[in-house]
Each structure stands twice: as structure tokens, then as C-alpha cells.
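Colleague: Residue numbers (my numbering), protein chains in the order written: chain D, 1 to 123; chain X, 124 to 246; chain Z, 247 to 639; chain F, 640 to 1032.
Simulated from the structure, these hints should not be mistaken for laboratory data.
We put the beta carbon where it would ideally sit given N, CA and C, even for glycine.
One thing to keep in mind: the hints can contain errors.
Said to hold, decoys possible - Simulated pairs of lysine-lysine, PhoX-like, Cα-Cα distance not exceeding 25 Å:
hint	chain 1	residue 1	chain 2	residue 2
1	X	Lys-209	X	Lys-235
2	Z	Lys-337	F	Lys-1022
3	D	Lys-5	F	Lys-1022
To be verified - What follows is a set of in silico ranges between Cβ atoms, one per label pair, in the way DEER data are often shown:
hint	chain 1	residue 1	chain 2	residue 2	range
4	Z	Gln-484	F	Gln-877	30 to 38 Å
5	F	Gly-702	Z	Asp-534	34 to 42 Å
6	X	Arg-224	Z	Asp-534	24 to 32 Å
7	Z	Glu-443	F	Gly-702	48 to 56 Å
8	F	Ser-691	D	Gly-94	32 to 40 Å
9	F	Gln-877	Z	Glu-369	47 to 55 Å
10	F	Ser-691	X	Leu-204	43 to 51 Å
11	Z	Arg-391	F	Glu-771	56 to 64 Å
12	X	Arg-224	Z	Arg-509	37 to 45 Å
13	F	Glu-901	Z	Gly-628	51 to 59 Å
14	F	Glu-901	X	Asp-210	38 to 46 Å
15	Z	Arg-391	F	Glu-901	54 to 62 Å
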Amino acid sequence: MYSRKVIEEFTDPKNVGVIEDADGVGETGSTVDGDIITIYIKVKDEVLEDVRFKTFGCVVAISTSTMVTQLAKGKKIDEALKITNKDVIDALGGLPEDKRRCSGFALAALHKAIEDYKERGTA
Amino acid sequence: MYSRKVIEEFTDPKNVGVIEDADGVGETGSTVDGDIITIYIKVKDEVLEDVRFKTFGCVVAISTSTMVTQLAKGKKIDEALKITNKDVIDALGGLPEDKRRCSGFALAALHKAIEDYKERGTA
Amino acid sequence: MMSTMKRIYMDHSATTEVDPLVLDSMLPYFTEKFGNASSLHSFGQEAIEALSAARQQVADSIGAKANEIIFTSGGTESDNLAIRGVLAKKKNDTSRSQHIITSMIEHPAVLSTCSFLESIGYEVTYVPVDSEGVLDLDKLERSVRDDTSIISIMHANNEIGTIQPVKDIARIARDKDVYFHTDAVQSFGKIPVDVNEMGVDMLSISSHKIHGPKGAGVLYVREGTELEPFIFGGGHEQGLRPGTENIPGIVGLGKAMSLAKERLGHDPEHMLRLRDSLIDRIFDSLDDVRLNGHPTQRLPNNVNLSFRYVEGESLLMLLDVKGIAISTASACSSISKKESHVLSSIGLNADYIHGTIRISLGKDNTIEETDHVVQSLQESVGKLREMSAISKS
Amino acid sequence: MMSTMKRIYMDHSATTEVDPLVLDSMLPYFTEKFGNASSLHSFGQEAIEALSAARQQVADSIGAKANEIIFTSGGTESDNLAIRGVLAKKKNDTSRSQHIITSMIEHPAVLSTCSFLESIGYEVTYVPVDSEGVLDLDKLERSVRDDTSIISIMHANNEIGTIQPVKDIARIARDKDVYFHTDAVQSFGKIPVDVNEMGVDMLSISSHKIHGPKGAGVLYVREGTELEPFIFGGGHEQGLRPGTENIPGIVGLGKAMSLAKERLGHDPEHMLRLRDSLIDRIFDSLDDVRLNGHPTQRLPNNVNLSFRYVEGESLLMLLDVKGIAISTASACSSISKKESHVLSSIGLNADYIHGTIRISLGKDNTIEETDHVVQSLQESVGKLREMSAISKS
Ligand SMILES: Cc1ncc(COP(=O)(O)O)c(C=O)c1O
Ligand SMILES: Cc1ncc(COP(=O)(O)O)c(C=O)c1O
């Protein structure tokens, strides 16, 4: 059901962890849903120098989390904001129709982390 | 479903035929039912010297017909009248529960033939 | 005697032997790839793959799409699901839910469903057929009402083999905006069955009639046709048929349908040759015989004959002793030994009805076997007529 | 990697591999003795004999009489037939037809049937269970009304393995003169199932859960229990289940039930030993784990565990990659990934519910396999907790 790529990313996820001195943190989901994703970013010269995640959730939640961090890492913030849900799904070799519900959570968490970074800047 | 004995009697029936100068004839059934049994008897000194049948009908109709003729032949009339439906079924090694409906037709035809014989005598 | 004698099976409308290729395709799914298609792990994935592949095979065999295929436990269940599924869906639309149209010669799976529906308040019109078993299209058309929900007319009859003009029926159904279901249990594999060619909304198939395993069936449901399940449980088969999927059965069914489709250019022609030669030779060798059903618009494997002065079961048993397997009416009704509603519907007289047998050929029957059948029939009919209390002799 | 690795199957509550002896018993009925049990000829007789023999095997395995056995297509159909069959029969007896009693933790086959019945006007009481999944007998007794037709309570739960006090339920049902049906799909073969010991009127069994083939099931119906069919067609199975009988499936089911009965003194004990050792070692090696269901009144093959800070599907997939097949909730609901109604009914918190898996042992699982499972669980739970956004670490 899951593509080979999904299973690969899921079993060997990149960028797992917390950035202790993160410049921005974003969280989506809830324990009731069964998915909580937190994304940490480290920004230097408007470039996402480091992107890490912690995820409690299903295979889709974990594999989209790691994929989002990989797609975003090294990109400029405005470039990173252009990543679409479709980009994430395509990079994973597709997702089963009935599993797409939570596929947007990781991207949303990245957006929140960037927002958080921007708010901190203006504060 | 049918006992071996039923199939034997059915495939190799004894006493098939018409007695042209019968002393009594009895018929049961109808084309609507799909069973018509005619029994012919020849009587001498109150003994059923010959008993024959013609049957249009199912396996049960044919096998009970031949069995009734065999059980009756050679018997005194009052002895023959004591033959029960159970005797016929037992002699056939049993009949399937759902096939007993027409098992009494042959015996009834014998009774009618004997009646016919008696009526002729009194006439 | 029976043990050394090669038996001749000519009751393929009752059921068929599983094709060895079909059995081979099934075997891995009993003991190796035995997973439940609802399971997420690798065993489950194997089951899902098998299920999808079979669904595609079935769809391809009848010109349908994979998502239009619902797997059931057999023809009876498919017929029930088609008719009751549509009515259940429309149950709140009172303007469009009260009336069903079917024919007088349907299989009990349809007729008993209809009687049940009558018992709970639906109305059913049973359209008559002519003396050759062909549906009266005029009567059908005139029987459509504003509140008609579904027309269910079989593709080909299981007793007399008459093929119905389904395309014409489909046109009427489309014109009147009524769903059309056809029971193709006897026709698939013998004549072309293409859901778009035929123009049907739903179509039933049973695996064991086409050299597949018993316990599996198909209901084709055209996209957009709204149904509700009539068995309740988990959400399998698009919510229309709950219960753990019978993977080996479904795999076998898929294979059987593929094979039947592939062989459509060959097998039916072979059966047709045997059928016509059988009919000719029986008519040559015996008097007072009648062929029931349509002379040409009939299944290539169906021979339905009435012998006067002979009772069908007795004839069947005499042939059985000679190692020949045929049937009296349809297999399903022979257990209760009631008069065939199909034969009464074509107006056959009682003295012919009782003497009716059905010979249904299969792809592996041979001309030598038909020789033996003709000879045995001649002997057996002769013997029973000799014994018969109503024969002319 | 997957191809060379021997996989470990511990999802026997979802489905089981067909026993080689069972498959052997079935094989002749596909290609040799392939007749239709409604046919009068020798092929039909072979089918009838097989059917009767299987019926006797089934009856003997549960202490019933042969005429009390109805063959169906599986557990779902058996559950539907039991409940709807009784209601259909009583539909004209308005004083005795409106109310059904069941539990909150039944299988969807029962629960969806009940929701359907509610949608057409029946009333259903869903009796709650305690935190270990045991039915509240007091509430059950108090919920019986004058118009209660049937009580349907499962013998053992498919997710958490809790065994219900069926004898007590049967006593209440008898006292109140209400039919009692039990779903024994998970219990048969693991604990004793004797219809008279238990005092049930109806009992469901599914072949594929007990090393028999998919596509076959049983409804035991105590003599005198009045039912009507809910599928319509020919008069098969005492008029309660129409459609050509799935002879190979039924033969396999009969064999599987015989074998399970014979091995009842051995297999469950083996599974129990594995179960308890598995539970002990998992608790020894991991924190924040919970065993769901009753500690002792549970199926010998059921291990249902909740791991905090871990999501069930992810754990299942990590184990799958290591060649271990287990399940999250019941197989049937994992496709829709809804929250388990069973786990909510026992009052489990959401953070535990999401981290729940079911390990269901089979007779052929070994202690070595459980070693591997314990180790893999430790690794996988550890890994997921590391990754988890809510773990304490
Ligand atoms: C025309 C027709 N419809 C339906 C059925 C029922 O199919 P099944 O026996 O698979 O339930 C049959 C077979 O008896 C049939 O001949
Ligand atoms: C308790 C219970 N009842 C009923 C069923 C349904 O059985 P089947 O899949 O054979 O329809 C299952 C299996 O999923 C079950 O575990």
C-alpha cells in the first residue's frame, strides 16, 4: 500500500530531533487525532540552515515530517514557503488515497515554525 | 440418496406388464402428479397367482411398484392386504424422507385391484 | 461397474469442475499468502494485491472498470444485492421505490427475492414469455411505472437456455430512467457478455458455473448506480459486501473469468456443434420428443428435451446408472421436485413437463460422449415407455 | 532482505493459514467430486455425502446435532442471519419484536447489523463493559424488556480477548424467555465451545479464523429456534441459506473444526504459555505499557498492549519491516483507521488508544519467535519514542 520510498523514509528518517536554540518552532496536531508534529528551524541569512522534527504519529505523519525537513533544509525561507503538499507527496512516491488526511500536517508545522521565527524577529 | 436396493429394483424391475385377462385392475395417480400406477392381478383359490404393474413415474413410484408386486405375488388375498407401507419401504432398504409422498401409491393400486376383483365377484 | 467406467458429465448448468489452471492459481493463497486483505502488514498486502489483480481480471472480462466490481459469495447473493441494494437506497424516495419488474422465468434467487419484497409491501410485475421463452418486450415496456425502481431480467435462462434481448431491454430501461439488472450466471463464458455493449447497470456472475470455485460471485455495478448493502459488518467491497474477503475463491474466479473470456472464440463453437448434433440425433432416434426453448436464440450448451410417457427423474436415474450425469429441471428445484415454473411459463403441457431433462454441455465434452448419450437415451426412454402406464404401446 | 527472512505471523485473530490437512481434505472437491449438492446423479450424491459428513463434524465439534448446523459464507453472514433471522420470524408478533440487546464491544458484523435495525425502527440496548472488557450482567438483566427478541453477546472479544460469562448470560436469557446468540468466531478452538454447556440458542463460527478456508462459516441454530432467511433463493440449508453450497469450503471447515476440537487439550496451553511469557518479558523490557482486557479471563492467544508515546500503525510498520505481522486494533477497522470502539468502551485514554497493538498467537508460533518479537518491540518502541513529539525523553 505504501510506496517503497515512504517505507524507506519512515524506517530511516532524516533530521529527527530537537534544535535546542531554535529560531522558530511550529507544532500541529493533537493527541486526540493521534498525530503531533513539531518542527524546529535554525535560520542564517534567511536560509534554513537546519530543520529538525519530532513526530508522534502514523507512517504518513513521520514520512512527511522527514521529507518536509529534507525539502526545506538549505532553502531560503521564501523558497521553502513555496513547497506544496503535492511536492511532499510526489517526493514520497505518492500516498494512498485514504491516507492523505494527515499528509499536510508536517508542512503546516514548517509554516508555523517560519511564522514563529518571523514573529520573534519583529518582537 | 436412494438405497442400493431401490436402485437395483428400479433398474431391473420384476413383474412389469399387463395381464390381459386380469381378475382385477387398480390404478392410482394422475399425469398432473406425474405418477400413474396400474396394478393387475390374477387370482386362483384366493391366492394372487400373478401380479403385474405398469408405472409412469419417478424412481420411488417404479421401485415401490415392483416391490409391491413381489411382496403380494403368491400370497393369499387377506395376507396381501396386510402388507403395510412400512413393509414396502423396509423391503427397499428405506426411502429418503422427502421422497415418501408417493411411496403409498403402489400399495393403494394393489388394494384397488383387489377391490375390483371382489366387486367383480359380487357382481 | 461405476468405479471402472468413465463417467460423462453433462450437467454444466448446475455446476462445473474447477479448471486445473484455476486451482493452481488459488493454491498459494490457502497456505502461503493467506493474509487478511484488511491487514496492513506484508501478509495483508499480498492479499490486497491478489484482490486487486482479480478485480482487474473480472473487469476486463466484461468490459467494466475495476471499481465497478463487487465480490460476493455467489450468484444468489449477487442477485439479492442488486435488487435489494437499489430498493434500500431509494427507500426514502417514495415516488421511486414501490415497483419492480422481472420475468416469470427468472432463477429462484430473483423470484424468491421478489416474493420477499412483495411480502413487505413492494409491488412486482412478472412479465410473461412466449412459448420459446422469449420475453414479451411490449408488455415489459407497458409495465414500467413512474415508481418503478428496477428491471431485473436474466441474460439467458438456466433451464431452457433461451437468450433474452437484453439490449432492447436496456434501451427501454434507459428511456424510462430505470435501473436494469441482468443475471448472467448462465450466459457468461458461453456468449459475449460486455456490460457496455449490453447497456446494463448491474450484472450477476457465479464462479462455479464457469470452471471457478464454489463460494464466489460477482456483482457488476455501473459507476454512479446507487446501492446499499444488505449484509452488514465491516466496510469491505466499497461498503457493499462486508466480511473477510475469500481471497483464494476470488483469485480463482478472476482466473476462471479470464480463461473463459480468452476461450470465447473456441469453446462455445465446440459446444454448439455438440449441441446441434445431439439434438438432431435424438430426434432421429426417438418419437414424441420436444425441444424446449428457442431453436436458435439459445445457449450453445443447452439441450432441454421433453419425452412423453416418461418421468424425468426416472430417466435421469437410468442414465446415472449408465454413468451419465444430466438434470431434470434446474438443479436447484430438483431437490423439492416441484413443477418447473419455467416450463409452465412457456405453456408446456403437464405430460411433457414431467418428462423433461436438461443436458448442459461443457467445453471438455466430446463427440464420443454424445454418441454414448444418444444411445443410452434411446435405450432408457424405450425401457421407461415400456413400463409406463400411459404410453401408447 | 524480506525475501530471505522467515516472516513471523502473529495476527491469527485477523486470519490464519489453512492447515495442510484441511487443504488436502478440500482438494478432491474442486476437480473430481465437483458436483452440485442439489443434483440427483452420482456427482451430486458425492457432494451431498461430503456436505453431510462436514455437517456432522461441525456438530460434533460443538456438541450439537447435525440438523442444527447452517453453513454460511463466513462470520459476518452468520451474525446477520442470527439476529435478523429471529426478528424476521417475529415480525408479525408485535409484542415480541421491537428490542435487541447487545454489548458495546461487539464486532462490526453485529454492531452494523444493529445500527441498520435501528434505522428501520427497532430499538437496541448496548450494554456496557467494565475496564477489563467484562459485560455488566446487572445492566444486561435490567435491560431485558417484554418486547426483547434477542440478546447477542460475543463469547470472546476480537481485540482485547476478554471472555464473557456466557453461561450467566444464557441463564438470564432463559429466565426471561429471550433467544441468546453468541459470536464465537474468536473463541472456538481456543477455549471450549459446547452449545449445551454454554446454553446458547445460536452461535457463529468463521472458518478462516481456525485454519480453515476463507468463505465459509457456521451458524448453529438450536432445534426449535425459529428463524427466517435474510438471503433469498433456492431452498438450501433448511431454507435458511440459499445458493449452491461451497462444498470444498464446507469440507475444509468441517475438517478444521474437527482438528481444532481434537487439539483443544494441547494448542491453547501452548499459546497460553507463549502469551504469558510474551507479556512478562515485554513488561520487563519497556516502561509505560498497559495490558488491555482481562488479566485471566482472556483468550490464550491474545496480547493487547498500549505503548504510550507511540502510534500503533507506525509500530506495526516498523515490526512489519522486521518481518513481524501483528495488528493495531481489529483487522477490520485498520483500513478505516478509526478509533477502536472497544478501547473507548473500556475507558482507555486517547494517548494509550493510539499506541495500541494486538499480538494474536497461533498454534505454530514458537518461543524463539516470541524472543524475536520482544527484542523487535523493544527496539521499535524505543525508536518511535525517540522520534515522538510527546515522549518524556
Ligand atoms: C440463472 C441463475 N442465477 C443464479 C443462480 C445462483 O447461483 P449460485 O448457485 O452461485 O448462488 C444460478 C445457479 O443455480 C442460475 O442458474
Ligand atoms: C468476533 C468476530 N466476529 C465476526 C467476524 C467476521 O467474520 P468474517 O470475516 O468471517 O465475516 C470476525 C472477524 O473479523 C470477528 O473477529
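Colleague: None of the hints should be skipped; say for each whether it holds.
Modeller: Going through the hints against the structure:
For the hint pairing X/Lys-209 with X/Lys-235, the CA-to-CA distance comes to about 18 Å; that is within 25 Å, so the pair holds. As the CA atoms of Z/Lys-337 and F/Lys-1022 are separated by approximately 52 Å, the hinted pair breaks the 25 Å bound. With a C-alpha separation of about 19 Å, the suggested pairing of D/Lys-5 with F/Lys-1022 holds against the 25 Å cut-off. Our hint of 30 to 38 Å for Z/Gln-484 and F/Gln-877 holds, since their Cβ atoms are close to 32 Å apart.
Between F/Gly-702 and Z/Asp-534 the beta carbon distance is about 56 Å. The supplied range of 34 to 42 Å is therefore violated. The hinted range of 24 to 32 Å is satisfied by X/Arg-224 and Z/Asp-534, whose Cβ atoms lie roughly 27 Å apart. A beta carbon spacing of about 55 Å between Z/Glu-443 and F/Gly-702 agrees with the range 48 to 56 Å that was offered as a hint. Distance hint check: the CB atoms of F/Ser-691 and D/Gly-94 are about 52 Å apart, inconsistent with the given range 32 to 40 Å.
With their beta carbons about 29 Å apart, F/Gln-877 and Z/Glu-369 fall outside the hinted range of 47 to 55 Å. A hinted range of 43 to 51 Å for the beta carbons of F/Ser-691 and X/Leu-204 is inconsistent with their spacing of about 38 Å. Between Z/Arg-391 and F/Glu-771, the C-beta spacing of about 58 Å keeps the proposed range 56 to 64 Å intact. Between X/Arg-224 and Z/Arg-509 the CB atoms are about 44 Å apart, so this pair conforms to the stated range of 37 to 45 Å.
As the Cβ distance of F/Glu-901 to Z/Gly-628 is approximately 54 Å, the hint placing it in 51 to 59 Å holds. Look at F/Glu-901 against X/Asp-210: about 43 Å separates their beta carbons, and that is inside 38 to 46 Å. With their beta carbons about 60 Å apart, Z/Arg-391 and F/Glu-901 fall inside the hinted range of 54 to 62 Å.
Checked against the numbered hints given earlier, the structure breaks hints 2, 5, 8, 9 and 10 and satisfies all the rest.
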